[in-house]
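Model the full structure from these sequences, guided by the hints.
If you're matching them up, the sequences are chains A and B in order. The numbering of the first sequence is the working numbering, which starts it at 513 and goes up by one. The numbering of the second sequence is the working numbering, which starts it at 183 and goes up by one.
Just so you know, the hints here were simulated from the structure itself, not pulled from any lab data. In this text, a Cβ means the ideal position worked out from N, Cα and C, and glycines have one as well. Please note that a few of the clues may not be correct.
[Claimed, not checked] So these bits of chain B aren't anywhere near chain A, every CB distance computed over 12 angstroms:
1. Val208
2. Leu225
3. Leu243
4. Ile299
5. Phe369
6. Asn396
7. Gly424
8. Ile426
9. Leu447
10. Ser450
11. Ala455
[Stated by the list, open to error] Derived DMTMM-like pairs (lysine to aspartate or glutamate); straight-line CA-CA distance at most 25 angstroms:
12. A:Lys664 x B:Glu461
13. A:Lys768 x A:Glu739
14. A:Lys688 x B:Asp462
15. A:Lys609 x B:Glu461
16. A:Lys664 x B:Asp472
17. B:Lys473 x B:Glu461
[Stated by the list, open to error] Quick partial rundown of chain B residues pointing at chain A, CB under 10 angstroms, derived from the structure:
18. Tyr241
19. Gln245
20. Ile441
21. Ile443
22. Arg446
23. Gln448
24. Arg451
25. Ile452
26. Gly453
27. Arg454
28. Ile457
29. Thr479
30. Gly525
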Amino acid sequence: MRAGLINFMAGFLKNMISVLEVKNLTMNFGGLCAIDSLDLDVAQGEIVTLIGPNGAGKTTFFNCITGIYNPARGDIFVSSPWNKDKIKKQERINGLKPNHITEKGLARTFQNIRLFSNMTVLENVMIGRHCRTSSGIAGAVFRNRSTVKEEKEVVEYSYNILEKIGLSSFVNEFAKNLPYGAQRRLEIARAMATEPFLLLLDEPAAGMNLQETRELAELIMRIRDREHISILLIEHDMKFVMSISDRIFVMDYGRKIAQGTPAEIRKNPVVIKAYLGDEISA
Amino acid sequence: MIKAQEIKKSFFVSIWFMFLTFPIMVIRVNPIEKLIEWRWKNLALIGIGSFLLSFVWRYLLKQKEAGRKKAEACGVDNISLGRKLIEDSGFYIPALIAAAVFALVFPFIFSLYQINIMVTALMYVVLGLGLNIVVGLAGLLDLGYVAFYAVGAYSYALLNYHFGLGFWTVLPIGAVAGFIFGIILGFPVLRLRGDYLAIVTLGFGEIIRLVLENWNEFSFGPSGIANISRPGFFGIQFSLQGAIIYLYFLMIAFTLFTIFIVNRLQNSRIGRAWIALREDEIACQAMGIDKTKTKLTAFALGATWAGMIGVIFAAKTTFVNPASFTFMESAMILSIVVLGGMGSIIGVIIGAFALILTPEYLRAFSDYRMLIFGAIMVIMMVFRPQGIITNARRTYKFHGRIS
Ligand SMILES: Nc1ncnc2c1ncn2[C@@H]1O[C@H](COP(=O)(O)OP(=O)(O)OP(=O)(O)O)[C@@H](O)[C@H]1O
Ligand SMILES: [Mg+2]
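Printed below as a string of structure tokens:
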């Protein structure tokens with residue numbers, strides 16, 4: 513019932529509201545302006561990609577949105593698409609702690625994999641459930657009925673996600689023993705356990721082979737279509753980016769130099785000059 | 183040739199040692215007769231000794247290296263002792279029964295002296311388990327743990343002295359006092375990471391001790407507080423022997439209680455968050471875990487246990503003074519956790535027994551006791567840096583679908 517409703521709502525709201533709206537964002541590291549008055553928005557149900565040469569400030573941008581850095585200027589607004597009271601007013605999330613931002617419904621993965629390597633795959637995903645559960649010390653010690661129930665639900669929910677992401681065969685494996693591609697997917701699984709409405713993926717295809725990259729593209733599409741999670745991702749693999757994105761933002765030296773659909777970006781002379789260069793013309 | 187190279191290296195080590203110790207070991211000035219005595223024999227002894235030691239050391243390291251390479255080459259997961267202890271029920275059930283029987287008959291077959299040592303060892307087991315929450319699970323290096331131990335001990339000593347409160351009344355008060363101090367001290371310092379945290383907690387530990395030492399009106403200064411009551415048992419007065427045996431069983435019960443609680447905490451939502459925090463702080467926050475709150479919980483819970491053991495310590499010795507709460511004590515408890523294997527309950531228990539009982543039973547070696555003890559610890563840490571029991575956390579196992 514609930515799923516049906518969400519499905520309907522999501523279909524209805526698709527492309528109508530923006531789940532993320534960033535205005536005039538600026539971030540400095542000492543004298544270096546890593547992000548310079550950047551505007552960006554992601555609509556519900558979109559897959560948006562952020563590209564740019566190395567050191568353009570893409571990861572820094574993610575860190576600002578997810579509360580790891582506190583931006584110097586600008587606004588970051590989010591609005592949850594499945595809020596009960598229809599389209600709720602946007603919320604400004606600047607300066608919130610990372611864990612509160614995750615509670616709001618943003619979840620991310622990291623460019624350099626940051627799994628809990630000495631925990632099992634299942635436990636990694638279970639950590640993602642932390643902010644949606646509540647049992648405390650008393651619950652842990654007495655193991656009352658609600659705690660046991662909650663724990664069971666956490667396991668079940670986490671296992672479900674692992675099945676969706678295609679990692680269920682690794683369930684009891686230590687995260688550090690997973691092959692590289694699987695580790696990247698486990699990061700996605702862990703992020704999904706927090707029930708986000710926007711997933712931020714930092715170079716999810718890095719280090720993957722052709723086959724794995726293709727599967728990853730399918731997975732991301734599936735997450736968007738079935739779970740109705742909007743996606744903002746950073747990626748260098750142009751073929752991947754062009755095939756998967758609804759819209760692309762291009763950054764260079766902290767500035768946005770272009771935005772548009774893949775077709776537009778492909779033709780944009782500024783982009784070709786700054787970044788794509790021979791890759792596209794070839 | 184490896185051998186020749188090894189010999190050469192050891193040779194240089196011995197030369198270096200001879201050079202370093204030359205002024206103290208060889209030259210002796212006799213100021214009365216204005217003579218300088220040259221003891222060349224010592225030089226030779228040091229040369230030969232350091233050469234042999236260095237050679238043996240290198241040989242052992244080589245062996246260890248080779249062993250690891252072989253294990254990697256074979257690709258077999260050699261099941262660690264810790265895993266076996268936890269997972270092989272055919273192994274641990276008999277072991278548990280044996281331990282229980284031994285614990286029960288122990289006070290009736292051994293001397294009072296032995297029982298006393300055992301009580302001390304059990305106290306360190308609990309202290310180790312408490313610190314294990316902070317260091318082993320949450321990964322917060324706390325070098326001032328003894329501060330909370332002192333808080334508990336002085337809570338009992340002072341409340342007993344001024345108001346005549348009994349052991350059982352103060353035990354929960356000591357726990358609460360430890361908890362509150364944990365929060366108060368933890369709040370400002372838990373923003374810090376790793377080494378900074380270690381230094382600040384070290385400072386706090388010393389501050390508490392110095393306050394106790396110098397605030398005469400409050401804590402009676404270095405002379406401490408004597409004649410603290412022993413634990414009562416429904417108003418029964420024990421003989422000295424009875425009191426110690428009672429304390430022994432009390433400690434056994436308390437240890438079991440601690441193991442139970444720590445085990446439950448470890449396998450819970452909070453425990454998982456601690457371990458995740460130890461693994462990767464940033465990822466942990468990004469997954470929605472409140473870093474400060476989670477750290478504070480671990481810190482305060484560890485302090486709670488130290489507070490309770492402090493009360494028991496005061497009741498056992500019937501005397502407290504600041505000298506019992508030096509940095510050495512914190513270092514000892516930390517060694518128990520590290521030597522036993524961080525984050526593993528069985529490891530910490532074994533570590534505590536090893537560290538507390540070894541020096542006692544090495545008394546036969548009189549003066550060399552601490553030297554041997556130190557050597558054992560160094561060797562342990564070089565050849566088994568992960569601790570006695572490694573990787574022995576019980577992970578969440580998923581067996582098929584839950585309907
Ligand atoms: N914590 C920091 N302190 C100082 N400078 C930083 C910090 N983090 C990033 N920078 C700088 O900010 C700029 C942007 O870095 P960022 O990591 O965001 O680039 P990126 O676009 O993600 O690059 P890549 O494609 O290589 O991942 C770089 O010049 C980098 O050196
Ligand atoms: Mg980056």
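Evaluation of the provided hints:
1. Val208: holds (51 angstroms)
2. Leu225: holds (50 angstroms)
3. Leu243: holds (26 angstroms)
4. Ile299: holds (31 angstroms)
5. Phe369: holds (16 angstroms)
6. Asn396: holds (36 angstroms)
7. Gly424: Given a closest Cβ separation of 32 angstroms, the condition holds.
8. Ile426: Non-interface label stands for Ile426 (chain B): nearest chain A Cβ at 30 angstroms, farther than 12 angstroms.
9. Leu447: Label violated. Min Cβ-Cβ 5 angstroms, cutoff 12 angstroms.
10. Ser450: The claim breaks: Ser450 (chain B) does not keep its Cβ more than 12 angstroms from every Cβ of chain A (closest is about 3 angstroms).
11. Ala455: violated (6 angstroms)
12. A:Lys664 x B:Glu461: Within the cut-off at roughly 24 angstroms; holds.
13. A:Lys768 x A:Glu739: Roughly 30 angstroms between the alpha carbons, so the hint for Lys768 (chain A) and Glu739 (chain A) is violated.
14. A:Lys688 x B:Asp462: holds (13 angstroms)
15. A:Lys609 x B:Glu461: holds (19 angstroms)
16. A:Lys664 x B:Asp472: holds (22 angstroms)
17. B:Lys473 x B:Glu461: holds (13 angstroms)
18. Tyr241: With Cβ-Cβ at 32 angstroms, over 10 angstroms, it is violated.
19. Gln245: With Cβ-Cβ at 27 angstroms, over 10 angstroms, it is violated.
20. Ile441: violated (13 angstroms)
21. Ile443: Ile443 (chain B) check passes; min Cβ-Cβ to chain A is 6 angstroms, inside 10 angstroms.
22. Arg446: holds (5 angstroms)
23. Gln448: holds (9 angstroms)
24. Arg451: holds (5 angstroms)
25. Ile452: holds (5 angstroms)
26. Gly453: holds (7 angstroms)
27. Arg454: holds (6 angstroms)
28. Ile457: Nearest chain A Cβ about 6 angstroms off; hint holds.
29. Thr479: Where the cut-off is 10 angstroms and the nearest Cβ of chain A is about 7 angstroms from Thr479 (chain B), the hint holds.
30. Gly525: holds (9 angstroms)
Checked against the numbered hints given earlier, the structure breaks hints 9, 10, 11, 13, 18, 19 and 20 and satisfies all the rest.
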